[in-house]
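J.: The chain contents come next:
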Amino acid sequence: MTKVTLATVWLDGCSGCHMSFLDMDERLLDLMEHAELVYSPLVDLKTFPDMVDVTLVEGAVSSEEDLAKIRKVREHTRILVSLGDCAVTGNVPAMRNLFGVAAITERAYQENVDLHPQVPREVIPALLPHCCPVHEVVNVDVFVPGCPPAADTIFFIVSELVAGRRPDLSGLTRFGA
Amino acid sequence: MAPPTRVKTLKINNRDVGARQDETILEAAADVGITIPTLCQLDGLSNGGACRLCLVEVKGSSRLYPACVTRVEEGMEVLTNTERLTNYRRMILELLFAERNHICAVCVSNGHCELQTLAQDLGMTHVHFPYRHPHMVVDASHERFVIDHNRCVLCTRCVRVCDEVEGAHTWDVMGRGMDARVITDLSQPWGTSDTCTSCGKCVHVCPTGALFEKGKSVAEMLKKRQFLPYLKLMREERS
Amino acid sequence: MTPEELDEIATIERETTHQFQHRVSVCVGTGCHSAHSEEVKTALEKEVSRQGLENWCQVKGVGCRGLCASGPMVEVDTAARLYQGVTPEDAVEIVETLDTGSVPRLECPTDLPFFTRQTKIVLEHAGRIDPERIEDYIVMGGYTALLKTLTEMTPAEVIEQITTSGLRGRGGGGYPTGLKWRTVAIAAGTQKYIICNGDEGDPGAFMDRSILESDPHRILEGMAIAAYAVGADEGYVYVRAEYPLAIKRLRAAIIQAERNGLLGKNIFGTPFSFHVEIRLGAGAFVCGEETALIASIEGRRGTPRPRPPYPAEFGLWGCPTLINNVETIANIVPIVRNGGAWFAEIGTENSKGTKVFALTGRVNHTGLIEVPMGITLREIVFDIGGGIPDGRKFKAVQTGGPSGGCIPEEYLDMTVDYASLAQVGSIMGSGGMIIMDETSNMVDVARYFMEFCMTESCGKCIPCRVGTVQMHELLCRIAAGQATPHDLELLEELCDLVKQTSLCGLGQSSPNPVLSTLRYFRNEYMDQLAAKPGE
Chain G
1 MTKVTLATVW LDGCSGCHMS FLDMDERLLD LMEHAELVYS PLVDLKTFPD
51 MVDVTLVEGA VSSEEDLAKI RKVREHTRIL VSLGDCAVTG NVPAMRNLFG
101 VAAITERAYQ ENVDLHPQVP REVIPALLPH CCPVHEVVNV DVFVPGCPPA
151 ADTIFFIVSE LVAGRRPDLS GLTRFGA
Chain L
1 MAPPTRVKTL KINNRDVGAR QDETILEAAA DVGITIPTLC QLDGLSNGGA
51 CRLCLVEVKG SSRLYPACVT RVEEGMEVLT NTERLTNYRR MILELLFAER
101 NHICAVCVSN GHCELQTLAQ DLGMTHVHFP YRHPHMVVDA SHERFVIDHN
151 RCVLCTRCVR VCDEVEGAHT WDVMGRGMDA RVITDLSQPW GTSDTCTSCG
201 KCVHVCPTGA LFEKGKSVAE MLKKRQFLPY LKLMREERS
Chain Y
1 MTPEELDEIA TIERETTHQF QHRVSVCVGT GCHSAHSEEV KTALEKEVSR
51 QGLENWCQVK GVGCRGLCAS GPMVEVDTAA RLYQGVTPED AVEIVETLDT
101 GSVPRLECPT DLPFFTRQTK IVLEHAGRID PERIEDYIVM GGYTALLKTL
151 TEMTPAEVIE QITTSGLRGR GGGGYPTGLK WRTVAIAAGT QKYIICNGDE
201 GDPGAFMDRS ILESDPHRIL EGMAIAAYAV GADEGYVYVR AEYPLAIKRL
251 RAAIIQAERN GLLGKNIFGT PFSFHVEIRL GAGAFVCGEE TALIASIEGR
301 RGTPRPRPPY PAEFGLWGCP TLINNVETIA NIVPIVRNGG AWFAEIGTEN
351 SKGTKVFALT GRVNHTGLIE VPMGITLREI VFDIGGGIPD GRKFKAVQTG
401 GPSGGCIPEE YLDMTVDYAS LAQVGSIMGS GGMIIMDETS NMVDVARYFM
451 EFCMTESCGK CIPCRVGTVQ MHELLCRIAA GQATPHDLEL LEELCDLVKQ
501 TSLCGLGQSS PNPVLSTLRY FRNEYMDQLA AKPGE
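Residue numbers (this note's numbering), protein chains in the order written: chain G, 1 to 177; chain L, 1 to 239; chain Y, 1 to 535.
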């Protein structure tokens with residue numbers, strides 16, 4: 001039997017959802033009986049495979065790089081899961097939308113910097129005018145709110161998806177939880 | 001001798017229910033353990049039927065009725081949890097989440113918020129309308145309390161409790177539509193209000209983290225509302 | 001005031017008028033007023049006095065003649081000659097030719113279908129009387145209907161006549177007026193109120209404004225009759241502050257009526273007393289909604305509340321209150337004068353009488369018209385309105401303002417009545433009628449009305465407050481060619497939500513312009529979707 005392929009992607013988020021993913025601890029081993037982690041910031045693969053069964057996305061879409069990445073991921077994913085509040089709602093990263101890109105970069109790279117304050121223009125991907133949840137730019141199949149969703153929740157979701165079922169989230173998690 | 005209170009019999013979700021004639025559908029339902037989602041409604045305050053979450057279907061009418069202000073009627077057949085209603089309620093919540101900046105993760109009321117709980121109860125897993133992200137202000141000029149308009153849902157509980165229970169009428173609403181917001185006195189900083197008695201009732205009736213006590217951090221703001229039914233009861237008995 | 005005194009005023013006025021050889025009537029109604037007709041009137045007066053003809057020619061200001069597009073309008077003698085587009089410089093020529101002929105370059109044909117196809121009941125005095133003089137109103141039989149009511153009829157008989165007439169509310173809802181009166185009349189309570197709703201707010205609508213500016217006494221008399229019928233002794237006219245001329249004339253009319261004992265205590269020596277006050281609206285559209293209007297009069301924030309209880313039972317200050325729109329009230333006097341049966345002869349089975357429309361947009365004769373119910377849209381647009389200018393093609397007619405809908409060409413032969421308009425997805429509304437030609441973009445039309453509803457939402461209930469904003473945003477995206485088919489689905493989903501769950505009529509009807517344009521012009525929406533669907 002071929003294993004279900006699983007990927008995780010990290011956009012504009014704090015990595016808390018990935019930490020929570022790792023908090024599944026030994027249950028990860030159970031999961032890997034049925035699934036194979038083919039792409040993730042947690043593993044050492046550089047290119048996104050041709051087709052992945054289930055991809056978990058952490059983080060909001062904030063930069064041009066995020067946008068390009070998520071579009072590509074969507075193209076090569078069967079079931080796309082928005083994991084955590086940043087992916088689902090924009091959450092903390094989207095709080096910059098209240099002020100605009102100029103004000104936010106000014107504050108981050110000029111006002112609060114003592115040594116050589118300057119706005120980076122080459123290494124850091126350009127910010128989009130608005131930071132938005134994943135489903136505002138691509139279709140999302142499953143939404144898992146939570147900041148971060150608990151390891152138990154993630155285990156349930158992934159187990160269900162790996163088993164070929166659509167998870168029923170009711171009561172399991174909530175925004176901010 | 002006052003005429004005896006009439007009793008009405010009706011059906012709620014196909015259950016036979018008896019209710020006093022002066023009861024609302026919401027109260028009659030609560031009596032038999034049927035919960036109808038509410039947001040602006042709060043026991044002890046007047047009802048404006050504003051949030052529209054408690055809308056129910058009544059057999060024989062194509063209209064939807066706000067359960068908090070609709071009185072029971074003999075033979076009425078009420079449905080409180082059809083798929084249509086759940087969809088509407090979910091969309092209304094989504095509209096609220098998209099309207100201002102509700103960032104549960106960093107909110108003082110995280111875990112104790114009625115909006116958050118409603119979303120969870122109604123299975124709202126995401127907002128499929130674009131977020132508006134308006135720039136709202138936070139007024140921390142009061143000595144003990146803060147109003148964060150980012151989290152306000154305009155339920156006007158603060159306005160009503162201040163007027164109807166405290167009798168100060170410090171709070172009111174100004175502006176129309178999306179510009180509407182709650183204000184203190186004549187839209188001046190809360191800390192400079194001449195009418196505010198700093199009683200804190202507004203803070204505790206607020207369903208979200210919009211009104212909170214200073215010094216509370218994320219998830220620390222628990223609202224205590226027991227005083228309201230108590231005050232209401234005491235005033236009824238006195239009069 | 002006694003009946004004899006009323007008669008005497010009329011007689012004196014009639015005799016005074018007869019002393020003049022000529023009468024020059026300058027329209028000082030809404031449209032002509034904006035076109036500086038007051039200056040024309042002043043110029044004519046100056047010219048008459050310069051030639052020393054004050055006792056030979058009378059110059060009067062009169063209410064709206066309807067053909068606003070051609071204003072300022074001036075009429076010489078009764079229907080003898082009608083001039084259009086008159087300027088102050090024309091005064092000399094007009095006065096000089098009074099006896100000898102005419103000023104051909106100013107002449108406006110009086111046999112235009114615009115004039116001949118109308119039926120004037122509400123506007124019967126418009127263009128004939130000086131709205132600022134009570135004598136002008138009395139000489140036309142003014143206040144005799146009130147006299148008849150107070151001295152010959154019981155309140156129940158008055159209500160009976162109104163019920164027989166089949167009159168329905170002209171403010172938009174179309175609720176049977178007689179039934180409303182009866183409900184207030186039988187409501188428990190010794191204190192009752194009458195409110196005349198003049199908070200006309202639909203874009204492009206100026207029916208009520210014109211009535212108030214052209215014939216204010218008719219409103220006062222109608223209100224007094226209504227008050228007698230339902231047992232009220234106090235009335236309020238709620239007029240928006242944006243109508244200063246209407247307010248000025250109404251104020252003057254109240255003072256004149258009070259001085260003559262036609263308002264106040266013991267009118268015509270009967271036990272009936274009635275006082276009227278004006279309340280000014282501050283421009284919120286929602287204050288035209290009856291519960292919001294009442295809140296506003298009470299000095300509170302103008303927001304609607306759920307009904308029931310209806311104002312008929314629990315209205316102003318908690319008392320039974322009759323709220324009627326200006327045009328509804330304006331129909332009362334002729335109904336009482338001629339009887340309910342007479343009124344019921346006009347119109348269709350379920351829509352009696354006439355309706356005043358403000359005809360605007362892409363039509364040759366824009367202005368104020370009054371037509372019998374049951375007339376076809378085609379007659380209004382092509383006969384009365386004179387068709388579409390610049391040889392363009394008719395596309396749609398919008399009725400009912402932001403609560404109404406767009407009716408396409410295929411329904412042009414439909415009759416204008418409450419039921420037919422509702423059937424095609426629009427409403428009678430208060431009387432705004434906007435004609436659109438082939439160059440009008442229907443998505444833009446929907447967006448315009450949605451913007452109106454969005455900014456006029458009071459913000460009380462969530463679906464209207466936030467739903468209209470989201471709908472407006474989606475319409476902007478469609479108009480900008482950035483929307484996906486998914487956005488269109490979202491728009492329809494929101495239309496349903498806002499329609500079904502909003503608190504008041506303003507919210508519930510706000511999706512109508514979108515729904516009706518989607519129904520008849522869906523292709524225009526589809527054409528404007530992003531060429532390549534987004535992801």
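Treat each hint with caution, since some may be false.
Derived pair list, reagent style SDA-like, types lysine to any residue, alpha-carbon separation capped at 25 angstroms [what the hints assert, rightly or not]:
| hint | chain 1 | residue 1 | chain 2 | residue 2 |
| --- | --- | --- | --- | --- |
| 1 | Y | K499 | L | R181 |
| 2 | Y | K499 | L | G60 |
| 3 | Y | K499 | L | K214 |
| 4 | Y | K393 | Y | N364 |
| 5 | L | K214 | G | V92 |
| 6 | G | K69 | G | L29 |
| 7 | G | K69 | L | H128 |
| 8 | Y | K46 | Y | V76 |
| 9 | G | K3 | G | D168 |
Restraint-style ranges between C-beta atoms, simulated for each label pair [said to hold, decoys possible]:
| hint | chain 1 | residue 1 | chain 2 | residue 2 | range |
| --- | --- | --- | --- | --- | --- |
| 10 | L | E220 | G | E64 | 35 to 43 angstroms |
| 11 | G | A126 | L | H135 | 18 to 26 angstroms |
| 12 | Y | D527 | L | V138 | 42 to 50 angstroms |
| 13 | Y | R259 | L | S187 | 56 to 64 angstroms |
| 14 | G | P129 | Y | D527 | 26 to 34 angstroms |
| 15 | Y | D527 | G | D30 | 33 to 41 angstroms |
| 16 | L | R63 | Y | H275 | 35 to 43 angstroms |
| 17 | Y | Q423 | L | R15 | 35 to 43 angstroms |
| 18 | L | S217 | G | L115 | 40 to 48 angstroms |
Think of the hints as simulated: they come from the structure by calculation, not from any bench.
Don't be surprised by glycine CBs; every beta carbon is placed ideally from N, CA and C.
J.: Check whether the Cα positions of K499(Y) and G60(L) lie no farther apart than 25 angstroms.
T.: holds (19 angstroms)
J.: Lying within 35 to 43 angstroms: is that true of the beta-carbon distance Q423(Y) to R15(L)?
T.: holds (39 angstroms)
J.: Quick one: are S217(L) and L115(G) within 40 to 48 angstroms, going by C-beta?
T.: Cβ of S217(L) to Cβ of L115(G): about 31 angstroms, so the range 40 to 48 angstroms is violated.
J.: Could you check the hint for me, namely that P129(G) and D527(Y) are 26 to 34 angstroms apart, CB to CB?
T.: holds (28 angstroms)
J.: Between K499(Y) and R181(L), is the straight-line Cα distance small enough, at 25 angstroms or below?
T.: holds (24 angstroms)
J.: Please verify whether K499(Y) and K214(L) have alpha carbons no more than 25 angstroms apart.
T.: Violated, at about 41 angstroms.
J.: Verify the proposed pairing of K69(G) with H128(L), using a straight-line Cα cut of 25 angstroms.
T.: holds (21 angstroms)
J.: Falls inside 35 to 43 angstroms, the C-beta gap from E220(L) to E64(G)?
T.: holds (38 angstroms)
J.: Holds or violated: 35 to 43 angstroms for the Cβ distance of R63(L) and H275(Y)?
T.: holds (37 angstroms)
J.: Using the C-beta atoms of D527(Y) and D30(G), is the stated range 33 to 41 angstroms upheld?
T.: Taking Cβ atoms as reference, D527(Y) and D30(G) lie about 54 angstroms apart, which means the hint is violated.
J.: Against the 25 angstroms threshold, does the CA-CA distance of K69(G) and L29(G) hold or violate the hint?
T.: violated (28 angstroms)
J.: Can the restraint linking K214(L) and V92(G) be considered satisfied, given a maximum Cα separation of 25 angstroms?
T.: With Cα atoms ~22 angstroms apart, K214(L) and V92(G) stay inside 25 angstroms; holds.
Of the hints listed earlier, those the structure fails to meet are numbers 3, 6, 13, 15, 18, in rising order.
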